[in-house]
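Chemist: As a plain string of letters, each chain reads:
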Amino acid sequence: MRILIVDDSAMMRAMIKRVIKLADVPVDAILEASNGAEGLEILKKHEVNLLLTDINMPVMTGAEMLREISMNERWRGLSRVIISTDGSTVRREEAADLDVRCYLEKPFSPEVLRDVLNELADNELAETD
Amino acid sequence: MSSTNSRTTNLPKLTDPEAASAMFEAVRSVAEQSFFAVAEPSDDRSFGVASTQVRGWLVATVRFEQGPLVGSVSCTLPERLANGLFDAFTGRDPGEPEPVSTMVHDLVGEFSNMVCGAWLTRVESGRTFTLSHPSVEPAGQPGRAGDLRLVAAIDDLPVAVDLHLSTLRRANGAPHA
Chain A
1 MRILIVDDSA
11 MMRAMIKRVI
21 KLADVPVDAI
31 LEASNGAEGL
41 EILKKHEVNL
51 LLTDINMPVM
61 TGAEMLREIS
71 MNERWRGLSR
81 VIISTDGSTV
91 RREEAADLDV
101 RCYLEKPFSP
111 EVLRDVLNEL
121 ADNELAETD
Chain B
1001 MSSTNSRTTN
1011 LPKLTDPEAA
1021 SAMFEAVRSV
1031 AEQSFFAVAE
1041 PSDDRSFGVA
1051 STQVRGWLVA
1061 TVRFEQGPLV
1071 GSVSCTLPER
1081 LANGLFDAFT
1091 GRDPGEPEPV
1101 STMVHDLVGE
1111 FSNMVCGAWL
1121 TRVESGRTFT
1131 LSHPSVEPAG
1141 QPGRAGDLRL
1151 VAAIDDLPVA
1161 VDLHLSTLRR
1171 ANGAPHA
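Chains as they are written, first to last, in our numbering: chain A, 1 to 129; chain B, 1001 to 1177.
Isolated chain A (complex conformation) (with noise of 0.2 angstroms):
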């Protein structure tokens, strides 16, 4: 699995990317933006099978973000996580018509983003079985 992981916090990717590697799922590579513009770029570069985006960014927000990729065919089998401090009933409807797998709200606790990324793996393995 390539994971990229959007954040403006440097700190918030090292402590994704290591629960990423505490938990047990296959992983090929992990990449890393600090905005949706980056995020967006390295999506066009790479192959990527899951996105861990924050929403409050400068340059390009992950909502906006997410709107450009769920516009492009390109990345319709990309499974989608937002991590964010923006708890709000509205921002996770605005989620789930983003094709949003899974809402994370900040705080968390390791544990909690284990268990989601241990299901998302399961369920990309049972798609490519």
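No wet-lab data here; the hints were simulated from the structure. Note that this is a predicted model, so its numbers are computed, not measured. Incorrect hints may appear among the rest.
Here are some chain B residues the structure puts well away from chain A; computed CB gaps all over 10 angstroms [as the list claims (entries may be wrong)]: (1) Q1053; (2) R1080; (3) P1094.
Label-pair restraints from in silico Cβ distances [to be verified]: (4) D1043/B / E119/A: 41 to 51 angstroms; (5) R74/A / G1048/B: 22 to 32 angstroms; (6) N72/A / S1046/B: 36 to 46 angstroms; (7) G77/A / Q1141/B: 51 to 61 angstroms; (8) S1166/B / L104/A: 27 to 37 angstroms.
Think of the CB as a built atom: it goes at the ideal place given N, C-alpha and C, for glycine as much as any other residue.
Here the structure of chain A is known, so what remains is to put chain B in place on it, guided by the hints.
Modeler: Then chain B, alone, in the frame of chain A:
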């Protein structure tokens, strides 16, 4: 637990005790869930006494906009606590090299970002919001209290969280002071 002035009574559907209670719950959830730290309520006197033992502080500020609510949240915490939170968040072993200050500042910014977001979600879960990238500055002592100040202790070290309201917007979007 909190010091307030009259401006917070202008908060839509929000009273001072509700705002302060939601702020403490935000701090507690962030400290416990992401930093494995214990947050306890404090008071101005205890905060003042504990502050005299602190040599250096970090102040992390996040600006927010949530419909009619526009302002900022500043978290002021001792550098020593920031380093402890860094180790808990990243899993750094005490035997590893000390983190550089930019990494600790990024971490404290993320702490403030999470506190602000958790507070906004608690006071108005039906409305989305935008947050600025956090700014983090060292300080010799805690700054002036905001429109609402919450004081707490995280792992027995003093922390202040200040809410500043810059404008409250009318329903038609026109801001007024």
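Chemist: Please go over all the hints and tell whether each is borne out by the structure.
Modeler: Structure-based check of each hint:
{"no.": "1", "hint": "Q1053", "result": "holds (27 angstroms)"}
{"no.": "2", "hint": "R1080", "result": "holds (18 angstroms)"}
{"no.": "3", "hint": "P1094", "result": "holds (17 angstroms)"}
{"no.": "4", "hint": "D1043/B / E119/A: 41 to 51 angstroms", "result": "holds (44 angstroms)"}
{"no.": "5", "hint": "R74/A / G1048/B: 22 to 32 angstroms", "result": "violated (59 angstroms)"}
{"no.": "6", "hint": "N72/A / S1046/B: 36 to 46 angstroms", "result": "violated (55 angstroms)"}
{"no.": "7", "hint": "G77/A / Q1141/B: 51 to 61 angstroms", "result": "holds (54 angstroms)"}
{"no.": "8", "hint": "S1166/B / L104/A: 27 to 37 angstroms", "result": "holds (30 angstroms)"}
Consistency note: the structure conflicts with the earlier hints numbered 5, 6.
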